[in-house]
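Undergrad: Residue-level listing of the chains:
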Amino acid sequence: MTRIFKALLLLLVFVYLYAPIAVLVVNSFNQSKYGYKWSGFSWKWYQKLWQNDALITAFNHSITIAFLAATAAAMIGTLMALAIYRYRFRLKKAASSALFVVMMSPDIVLAISFLVLFVALGMQLGFWTLLLAHITFCLPFVVVTVYAQLKGFDDHLLEAAQDLGVNEWGMFRTILLPLLLPSILASWLLSFTLSLDDVIISSFVTGPDYEVLPIRVFSMVKVGVSPEVNVLATLLLLISILSLIVFSLLVRRKSL
Amino acid sequence: MTWPNVGIALSFRQTVISLTLGWLALMVVAPHALVLMTSVMTPNSEHLAVWPLTFDGYLKVMQPIYFDVFFQSLWLSGVATLFCLLIGYPFAYVLAKQPPWLRTVLLVLMMLPFWTNSLIRTYAMKLILGKKGIINTALVGSGIIEKPITMLYTEFAVIVGLVYILLPFMVLPLMASFEKLSNELVEASRDLGANGVQRFFTILLPLTAPGIVAGCLIVFLPAMGMFYVADLLGGAKNLLLGNVIKNQFLVVRDWPFGSAFSITLIVMMAGLLWVYALANRFVQRQGGLDDENL
Amino acid sequence: MTDNNVLLSLRNIIKRFGPQDVLSEFSLDIYDGEFFTILGPSGCGKTTVLRLIAGFEDADDGKIMLDGQDIAGISAERRPVNTVFQSYALFPHMNVADNVGYGLRMAGVAKADIKQRVSEALAVVELKGFELRKPHQLSGGQKQRVAIARAIVMKPKVLLLDESLSALDHKLRQQMQMELKQIQRQLGITFVYVTHDQEEALSMSDRVLVMNHGQAQQIGSPREIYEAPRNMFVASFIGEINVFDATVVSETAELTYQVDINGVAKTAHAEFRLEPGEAVHVLLRPEDLRIEYIEDQPSDEQGFLGKVLERSYTGKTLDSLIELDCGKQLRSSEFFNEDDPSFDYRINQRVWVSWIDGWEHVVKAGELS
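Residue numbers (UniProt numbering), protein chains in the order written: chain A, 1 to 256; chain B, 1 to 294; chain C, 1 to 369.
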């Protein structure tokens, strides 16, 4: 009885999470533009997307930013986690609090703060502002993940390395980096995911020169229906599933 | 050529510390300080905000129209948070009880839709809730109702959308809470004669309180800012605080007023964080959010 | 143990986890008021027995009788049985008094009564004055006491203890062993204690059950278990033991046999009939071996000759590892003799190993369960 209830609960929640996406996928092959009912299979929206340069560009921009932001956040965040774990320095408490604030702040609050900063600095809104903002909001998640693994290490691990005459940089390169790889990869993936999903911060910190997916899509769907978006969603889902498979294979290879 | 060990150690250490402090100072502290500053400046069409110091922005927040939006937002976010909790709590419990491999699979499945940007997913919700959307088509088609129900462009649609986007953020901290809750504690309370209801209220609920507060914290406040959910599912009305703030910044360009709104949100956040700290102290352990890690 | 009334009785219990039988046809009687210990290696099913009694697991088949009543259908929260958990499982959000009073509160006992009984229970475990402490402010030993108080305050018919002392350090553990025994005697509650630590089992219990692979290997007093193990598993699990492989040659008297151990003829007393030609193990505890310098003995004496490989001084005893000429290694443990307090061996010292007739213990070969 409780077993059935549990299974049913899982099922219902996943239906809720996936139903909208399923609708998009089905409609991407639907002849009818409005997609309220099935009027035959068609590839035409896929061709249409191919011709929609602005949307393709926005898509590329989004993936580029997600990739770069995740990579930079993973690197910087790992170093930050190391600093907080290993070194004593002034303002350490303040640094942790700042990261905590970023993690807990509603997106809109962060978005405004970034916008105000970039305008105050006289920066042109576009690629760089977008990248900086995305790196920053991903950072705390990297720090938390990597720090958690650091904390699980044997206290004497680093002492042993020191005992064997390795300097700080050597220790980081030869001991910490290889050992931290799982959490760094995990946090990279999380950062990539968060960056791709973001709407609010992107809306504030990018300009017309560097349009990303949510902004482009927003202007397309605000008034009407846009079948190319269905196609795009289908492709994104496909990419995410494929990446996931590749990622899990990589992780398995590593762990063998 | 060999560098002295100490020299390198110092420089690596200093680089890492400077990077940490520098980045956070520039990208977190400075922006928030600027927002705080902007919130007490005077709006200016040419320079966005200029001195003299004024509290007009904050006074404007208190104006009835915005006050209404504020309460509207609180109400919508509150209801959305409540539903996230009602769905997320049992869901997280069931997840936490799964064997580790299955739990990982299910968690990944929960996060996978993120790759399909949340704006696109919100748009999909529109296709489901619309007059000719799937739900209405199915209901009318099966004869349960005669005419389509208006769901889109209502508060209901906004709540459904908010819950849809934010549910995973509720589940994650709750799951962490359930994972930390040792099964022996629940068994101990059974052993001492507590029935199901008593176990829930004396053990489960208090010990997962930090997770509940954390989950509500990272759902409730962001929900107020989700202007695109309100735009797509709620129609052109300024339903959420996010719509007002976005409007002030990107359209009306009254930055002090927008900043004042943002600061108000931050103050609320501080209040909720305080509640979270209390909940943690009550349970005598630190962090469903891993804030002790930071 | 005042009287021999069976309080708790498990009959033909079958418990499976997946395809695996954790317990098969398992039966057990526990007497009223005794300190009963279930001893076995991890995975032997001992914790499952405890959880079945507590009601956290349901048996797939069989009966559990408490005081003559079948309790199989009664859920854990209604069984008059309480548990002291391995990790103590103190509620972290409640202070000591609230932890101890929890069960009484759940049962709706009046506030004044709760206060009275909590303070009595805390007195038993010598924790008066700790009422307002939170669990995280207590030491391991104090947590242990709170866990015990929380269980005994319920006045259970049976108190179950799951490896309850294993998290404590050696010295504290020994102290708690004594205290547990005292508490048990003072309250007269039946204790069922589960452990993998044989020393703990022997020192605290009235009776011990040795388990392996879901089956009872032997039940008996600590002395019986130690001195007369029924099979090789019990013999080797409890303490150190030397095993000689032997073959029965002939019966020389009632249940007394001449056996052949590596060409050496020895007399062995068994508790069961043996046939000539049958393979047996002759077991000797390290402290039951007699070691003598070879110079003192005529070399034609029948016996085991060897040399000292290693010796170690433990304070109370001199323990040595001896290698017989046939290659077999033996452990011996000798108490110091008052006449010769400085006695010791040289490494490679030639020695002659024997034992006093009747100190050996015989089990049938192939009974290693």
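Fair warning: there could be bad hints in the mix.
The calculated label-pair distances, taken between Cβ atoms and stated as ranges, are [said to hold, decoys possible]:
(1) C:329 to B:195: 26 to 36 Å
(2) A:174 to B:270: 38 to 48 Å
(3) B:68 to C:136: 44 to 54 Å
(4) B:22 to A:238: 37 to 47 Å
(5) A:151 to B:183: 19 to 29 Å
Covered, in the sense of this in silico footprint (three residues per stretch, anywhere, with C-beta under 8 Å from a C-beta of chain B), are these stretches of chain A [unchecked claim]:
(6) 77-91
(7) 207-220
The hints are simulated quantities; they were obtained by calculation from the structure and are not laboratory data.
Cβ coordinates follow ideal geometry from the N, Cα and C atoms, glycine included.
Undergrad: Quick one: see if chain B covers the segment 77-91 of chain A, three-plus residues with Cβ-Cβ under 8 Å.
TA: holds (count 8)
Undergrad: Determine whether the Cβ-Cβ distance between residue 151 of chain A and residue 183 of chain B falls within the hinted range of 19 to 29 Å.
TA: 24 Å, holds
Undergrad: Just to be sure I understand the hint, the distance between the Cβ atoms of residue 22 of chain B and residue 238 of chain A should be within 37 to 47 Å; is that true here?
TA: This hint holds: roughly 40 Å between Cβ atoms.
Undergrad: Given the hint of 38 to 48 Å, is the C-beta distance from residue 174 of chain A to residue 270 of chain B inside that range or not?
TA: Given a distance of about 43 Å, which is inside 38 to 48 Å, the answer is holds.
Undergrad: Is the gap between the beta carbons of residue 68 of chain B and residue 136 of chain C within 44 to 54 Å?
TA: 47 Å, holds
Undergrad: Taking the Cβ atom of residue 329 of chain C and the Cβ atom of residue 195 of chain B, is their distance within the range 26 to 36 Å?
TA: Since the Cβ atoms of residue 329 of chain C and residue 195 of chain B sit about 59 Å apart, the hinted range of 26 to 36 Å is violated.
Undergrad: Given as covered by chain B, does the segment 207-220 of chain A meet the bar of three residues or more with CB within less than 8 Å?
TA: Holds: 4 residues of the segment 207-220 of chain A have a Cβ under 8 Å from chain B.
The earlier numbered hint that this structure contradicts is number 1, and it is the only one.
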